[in-house]
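Asker: Sequence:
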Amino acid sequence: MFSLTGKACVVTGASRGIGRAIALAFAEQGADLLLAARSRNDLEEVGQLIEARGRRAVTQVTDVTNLDQLRAAAAACVTHLGKIDVWVNNAGGFTAAAGSSSEWLDATPAGWEAMLRLNLTAQVFGAQAAARVMRSQGTGGVILFLSSIDSLYAAPGGEGIYGACKAALNNVTQTMAVELGQHRIRVNAIAPAVVETPLTAPWLATEEDRRSRAAFYPLGRIGQPADVAAAAV
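Each residue of the sequence shown is one higher than the one before, starting from 1 at the first, in the working numbering.
Calculated from the structure, these hints are not laboratory results. Positions of the beta carbon are idealized from the N, C-alpha and C atoms, including for glycine. Be aware that one or more of the hints could be misleading.
With a Cα cut of at most 20 Å, we get these calculated EDC-like pairs of lysine to aspartate or glutamate [stated by the list, open to error]:
no.: 1; residue 1: K7; residue 2: E28
no.: 2; residue 1: K83; residue 2: E51
no.: 3; residue 1: K7; residue 2: D68
no.: 4; residue 1: K83; residue 2: D68
What follows is a set of in silico ranges between Cβ atoms, one per label pair, in the way DEER data are often shown [stated by the list, open to error]:
no.: 5; residue 1: R56; residue 2: Y153; range: 38 to 46 Å
no.: 6; residue 1: L49; residue 2: P202; range: 22 to 30 Å
no.: 7; residue 1: S39; residue 2: E113; range: 17 to 25 Å
no.: 8; residue 1: F125; residue 2: Q182; range: 30 to 38 Å
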């Protein structure tokens, strides 16, 4: 892993699962954190764990689908930590909107829009807010997207809209990397398969569920948040 000493990092969806693991891993490597998510209590718990590691943690209650709140998170990082060096677009997943996780024949415009806003629009404009700060700083930076294995192959059985959003995000990642390179801003994405988090708990509810999922992967096990965090660092 690389040292992040002195770096100011923003992680969205930092209250649990992969985002929580990334935030803690960054702190272990010396970073100070702006933690953004919807749950204040969970954010404060993660913040306390980071401070126990001797790093600074600022919590910002944020619904990433509200672009004003997303931009406010970027501004808060500058206010409290002085800069933004790394921005991790982790928040995403399925939504409660009708049809948002249905098969294509049952999908609804409302579900489509909700999934797009959470898994693409929020990612793009979160990255934009961070990149504008990084450009003005003149010291470069890193923007990291959380994509998905569903972006790389057909994802039937209720994951099609999610996969389509993540496939678009892959193109966004590549295009931003080219456009922002002149400002020394690196842009990349991690595309994990199923990782054991609160989001995926329904898919791993029984031992048979876990065995069938694990059998699909060469390592023969379900991914853990720490696996993704290690890649992020």
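Asker: State for each hint whether it applies.
Answerer: Hints, one by one, checked against the model:
1. Restraint check for K7 and E28: the C-alpha separation of about 12 Å stays at or below 20 Å, so the hint holds.
2. Distance check on the hinted pair: K83 and E51 sit about 19 Å apart at the alpha-carbon level, within 20 Å; holds.
3. Straight-line distance between C-alpha atoms of K7 and D68 comes to about 24 Å, which puts the hinted pair past the 20 Å bound.
4. Note on K83 and D68: the hinted pairing holds, with a Cα-Cα distance of about 19 Å set against a maximum of 20 Å.
5. Taking 38 to 46 Å as the suggested C-beta distance range, the pair R56 and Y153 conforms, at roughly 41 Å.
6. One distance hint, 22 to 30 Å for the beta-carbon pair L49 and P202, holds here, with the actual separation near 26 Å.
7. In this structure the hint that S39 and E113 lie 17 to 25 Å apart at CB holds, the actual value being about 24 Å.
8. Checked against the given bound of 30 to 38 Å, the beta carbons of F125 and Q182, roughly 21 Å apart, lie outside it.
When held up to the earlier numbered hints, the structure conflicts with 3, 8 and fits the remainder.
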